[in-house]
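There are 2 protein chains.
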Amino acid sequence: MSYLAQSFSVKFDYKIYFTKFLFNIENTTLADFFRERAAEGGQKIYFVIDEGVFIAHPNLIDNIRTYFLVHPTVALLPDFAIVPGGERSKNDLSLFDQLIDATDSYGIDRHSYIAAIGGGAVLDLVGYAAAVAHRGIKHIRIPTTVLSQNDSGIGVKNGINYKGKKNFLGTFAPPAAVFNDEQFLTTLTDRDYRSGISEAIKVALIKDQEFFCWIENHAEALRNRVAEQMNYLIKYCAKLHLAHIGGADPFETGSARPLDFGHWSAHKQEQLSNFGVLHGEAVAMGIALDSTYSFLAGFLTEDKLHRILNVLLQLSFEITDPIMTINDLQSPLLKGLAEFREHLGGRLTITLLTDLGTGKEVHEMSPQLLIKASSYITNFLENSTSLNFNND
Amino acid sequence: MSYLAQSFSVKFDYKIYFTKFLFNIENTTLADFFRERAAEGGQKIYFVIDEGVFIAHPNLIDNIRTYFLVHPTVALLPDFAIVPGGERSKNDLSLFDQLIDATDSYGIDRHSYIAAIGGGAVLDLVGYAAAVAHRGIKHIRIPTTVLSQNDSGIGVKNGINYKGKKNFLGTFAPPAAVFNDEQFLTTLTDRDYRSGISEAIKVALIKDQEFFCWIENHAEALRNRVAEQMNYLIKYCAKLHLAHIGGADPFETGSARPLDFGHWSAHKQEQLSNFGVLHGEAVAMGIALDSTYSFLAGFLTEDKLHRILNVLLQLSFEITDPIMTINDLQSPLLKGLAEFREHLGGRLTITLLTDLGTGKEVHEMSPQLLIKASSYITNFLENSTSLNFNND
Numbered sequence: 001m002s003y004l005a006q007s008f009s010v011k012f013d014y015k016i017y018f019t020k021f022l023f024n025i026e027n028t029t030l031a032d033f034f035r036e037r038a039a040e041g042g043q044k045i046y047f048v049i050d051e052g053v054f055i056a057h058p059n060l061i062d063n064i065r066t067y068f069l070v071h072p073t074v075a076l077l078p079d080f081a082i083v084p085g086g087e088r089s090k091n092d093l094s095l096f097d098q099l100i101d102a103t104d105s106y107g108i109d110r111h112s113y114i115a116a117i118g119g120g121a122v123l124d125l126v127g128y129a130a131a132v133a134h135r136g137i138k139h140i141r142i143p144t145t146v147l148s149q150n151d152s153g154i155g156v157k158n159g160i161n162y163k164g165k166k167n168f169l170g171t172f173a174p175p176a177a178v179f180n181d182e183q184f185l186t187t188l189t190d191r192d193y194r195s196g197i198s199e200a201i202k203v204a205l206i207k208d209q210e211f212f213c214w215i216e217n218h219a220e221a222l223r224n225r226v227a228e229q230m231n232y233l234i235k236y237c238a239k240l241h242l243a244h245i246g247g248a249d250p251f252e253t254g255s256a257r258p259l260d261f262g263h264w265s266a267h268k269q270e271q272l273s274n275f276g277v278l279h280g281e282a283v284a285m286g287i288a289l290d291s292t293y294s295f296l297a298g299f300l301t302e303d304k305l306h307r308i309l310n311v312l313l314q315l316s317f318e319i320t321d322p323i324m325t326i327n328d329l330q331s332p333l334l335k336g337l338a339e340f341r342e343h344l345g346g347r348l349t350i351t352l353l354t355d356l357g358t359g360k361e362v363h364e365m366s367p368q369l370l371i372k373a374s375s376y377i378t379n380f381l382e383n384s385t386s387l388n389f390n391n392d
Numbered sequence: 001m002s003y004l005a006q007s008f009s010v011k012f013d014y015k016i017y018f019t020k021f022l023f024n025i026e027n028t029t030l031a032d033f034f035r036e037r038a039a040e041g042g043q044k045i046y047f048v049i050d051e052g053v054f055i056a057h058p059n060l061i062d063n064i065r066t067y068f069l070v071h072p073t074v075a076l077l078p079d080f081a082i083v084p085g086g087e088r089s090k091n092d093l094s095l096f097d098q099l100i101d102a103t104d105s106y107g108i109d110r111h112s113y114i115a116a117i118g119g120g121a122v123l124d125l126v127g128y129a130a131a132v133a134h135r136g137i138k139h140i141r142i143p144t145t146v147l148s149q150n151d152s153g154i155g156v157k158n159g160i161n162y163k164g165k166k167n168f169l170g171t172f173a174p175p176a177a178v179f180n181d182e183q184f185l186t187t188l189t190d191r192d193y194r195s196g197i198s199e200a201i202k203v204a205l206i207k208d209q210e211f212f213c214w215i216e217n218h219a220e221a222l223r224n225r226v227a228e229q230m231n232y233l234i235k236y237c238a239k240l241h242l243a244h245i246g247g248a249d250p251f252e253t254g255s256a257r258p259l260d261f262g263h264w265s266a267h268k269q270e271q272l273s274n275f276g277v278l279h280g281e282a283v284a285m286g287i288a289l290d291s292t293y294s295f296l297a298g299f300l301t302e303d304k305l306h307r308i309l310n311v312l313l314q315l316s317f318e319i320t321d322p323i324m325t326i327n328d329l330q331s332p333l334l335k336g337l338a339e340f341r342e343h344l345g346g347r348l349t350i351t352l353l354t355d356l357g358t359g360k361e362v363h364e365m366s367p368q369l370l371i372k373a374s375s376y377i378t379n380f381l382e383n384s385t386s387l388n389f390n391n392d
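Chains A and B, in that order, are what the protein sequence lines are.
Under full-length UniProt numbering, the first residue of the first sequence carries the number 1, and numbering increases by one thereafter.
Under full-length UniProt numbering, the first residue of the second sequence carries the number 1, and numbering increases by one thereafter.
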């Protein structure tokens, strides 16, 4: 037997810019970005906008047109794509086809840009289309929700759903850049605004006790949508996520997935609720379940568990609901464990907590203990509600 | 303005094994490969086979089944997919859908394998499906043609066609491994066998004069299908391709594409002939055209050009045909230049020759000079034929 060995490394770099009023002509963040990269000329940019953002910001397209008139760094395509927001955009395969058609008909080449403005789902859809058209068109993300600005929009993954299976099709493809514009957060509903905070709690719980304490201490300000506190939360959370992604295994070739703490049940709940529950809401309930399991398995003290459940309640999250309730071994939610293993590939790897800020990997979960955890949360919630805890 | 910077490198490693009778139970190349990697257990393997290979090797599936019975390293899925060979497999989007369905219904996870046995087109299709399912299932390539064993099957690209546009959808995704089995070459038609040699001539012309001389000196043995010479050609050519890919820009973020010498017209000819002309045949004519252009532009001497055209003829390649003939500025082939630029992205970058073994990048081609080059080749061919050169 003989062989030839191939070995090489590919370097990936991108920046996450934090700004306000990105398309105000006085704001040169975006123009400067393109100016530094306009090496060969002839680059185009095509914008895809989340329908919800389009409705909440009726002047957005005019502002973008004016911006590129004043800062003619790349050639703005006159047409804009408006796609439905939320999980619908990832479930409708015809939207992917439409984006591919657009790259073809507008002649968008590998040195041109597709920019997506919207929530995480729209960014995932557009990122996937950009990643496979011409084997990769440059992709710019402009996340408009708390969740996408602090987590899903800043990483290296994209994807769409297939036959109801979340992210069944996708790639690892770092964006050319991410622009977080805090102004977009002001038009979010309370529900959308709040739901993004659960990913910050998640990453704090597995990586950074100090950040968890900060969230505890600022829960009221966050619930009341104080911009200064939210900006801090987003940037700090983004930093923790970036540090993790840039660490040992950016393209996730192994089975470990600590950032998916609380996610095995969240993915299943989203599917079982037909995506009626938002991702961040499902993650909050997933955190509650796996934290409680961590306590019942003997890894986490009860007072620390209570701090976790309380901070979720203070931020107005539901910590359980009928879908999340595991009454017996036939509970549909339990199927999420097998599906999570399949999605990771290889061995089941679940992150539990041993402390606030410290995770621990396990390779199995006891269904019996999950039933107990579910029941514990229901009892905790009844006691909290009777104490009127959540209406301070 | 503030920002966070993300920066990381991803390392890719894989081997190209050279062997004979891969699925003979005495041959442990494949079993050893899996044994070294069977860390966590539970890995599956799903085989996709080129219809042409399936017909030429009627015992192949039985051999594979026996092999995994004797060497139970990974769990062989009982079903096999048989897909049409050649460009048809890349033009039919429903084949992509079928492969995605299979990964779903068989529960093939990211630590499992999809293996493709076939020519370059089938490997491109299967590689693309494997790259996007679950954001990347491990992919094993078993190329069965000269072209795929020395060039297309050993690199990092995959893709399918979209609305007749070659490789419009695809990714850069290194395989887990490549297994080149020389036995598959014995059942190729002369046309399929020969057509793969043009990529070896191409890489020799831009990178390695000594290799070009070797091909000249062994043209007769290669035409007569002497295994020893073909094995040498494939391995040497693979080595040159791998060295290039592992060099400065494996995922082709720039516009330069020296390995695409002779390819701008080849891609267009394949499309214009509705893929009736094989890729390797089109590349041979593309080499003839761009080498002649190199001479007419003053870069290459005429005697060296003649050596190139003669070696192509000695290997029984056509060096032009009606589609390749450029009579005037309206010739359809000329559209291939603009399409090539768009596919590369950015600036047009064409490799020409200054010597046997030395390329030179240019950023435009003169249509007038291309008309002259086309006419030069026609005249050369008439003179060669009248001398009965090709029937020695």
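It is possible that some hints are incorrect.
Pairs involving identical chains hold if they fit within one copy or between any two copies, as the list cannot separate such chains.
As the list claims (entries may be wrong) - Within a straight-line C-alpha distance of at most 35 Å, the following computed DSBU-like cross-link-like pairs (lysine-lysine) qualify: (1) K20 with K360; (2) K163 with K304; (3) K44 with K360; (4) K235 with K11; (5) K335 with K15; (6) K207 with K44; (7) K157 with K15; (8) K165 with K11; (9) K20 with K163; (10) K372 with K11; (11) K11 with K360.
Simulated from the structure, these hints should not be mistaken for laboratory data.
Hints, verified against the model:
1. Neither within a single protomer nor between protomers do K20 and K360 lie at most 35 Å apart by alpha-carbon distance, with minima of 38 Å and 47 Å respectively.
2. Taking identical chains as interchangeable, the C-alpha atoms of K163 and K304 are never at most 35 Å apart, the minima being 39 Å within one chain and 58 Å between chains.
3. Within a single copy, K44 and K360 get their C-alpha atoms only as close as 46 Å, which misses the 35 Å cut-off; across copies the closest is 28 Å, which meets it.
4. Proximity of K235 and K11 under a CA criterion of 35 Å is satisfied in both settings, with 24 Å inside one chain copy and 29 Å between copies.
5. Taking the shortest Cα distances, K335 and K15 never come within 35 Å of each other, neither inside one copy (38 Å) nor across copies (38 Å).
6. Within a single copy, K207 and K44 get their C-alpha atoms only as close as 40 Å, which misses the 35 Å cut-off; across copies the closest is 34 Å, which meets it.
7. In this assembly of identical chains, the alpha carbons of K157 and K15 lie at most 35 Å apart whether taken from the same copy (15 Å) or from different copies (27 Å).
8. For a Cα distance limit of 35 Å, the shortest separation of K165 from K11 qualifies both inside one copy, at 31 Å, and across copies, at 29 Å.
9. Taking identical chains as interchangeable, the C-alpha atoms of K20 and K163 are never at most 35 Å apart, the minima being 38 Å within one chain and 41 Å between chains.
10. Taking the closest pair of Cα atoms, K372 and K11 never come within 35 Å of each other, the shortest separation being 46 Å inside a single copy and 44 Å across copies.
11. In this assembly of identical chains, K11 and K360 lie within 35 Å of each other by CA distance both inside one copy and across copies; the values are 30 Å within and 27 Å between.
Of the numbered hints stated above, those contradicted by the structure are hints 1, 2, 5, 9, 10, listed in ascending order.
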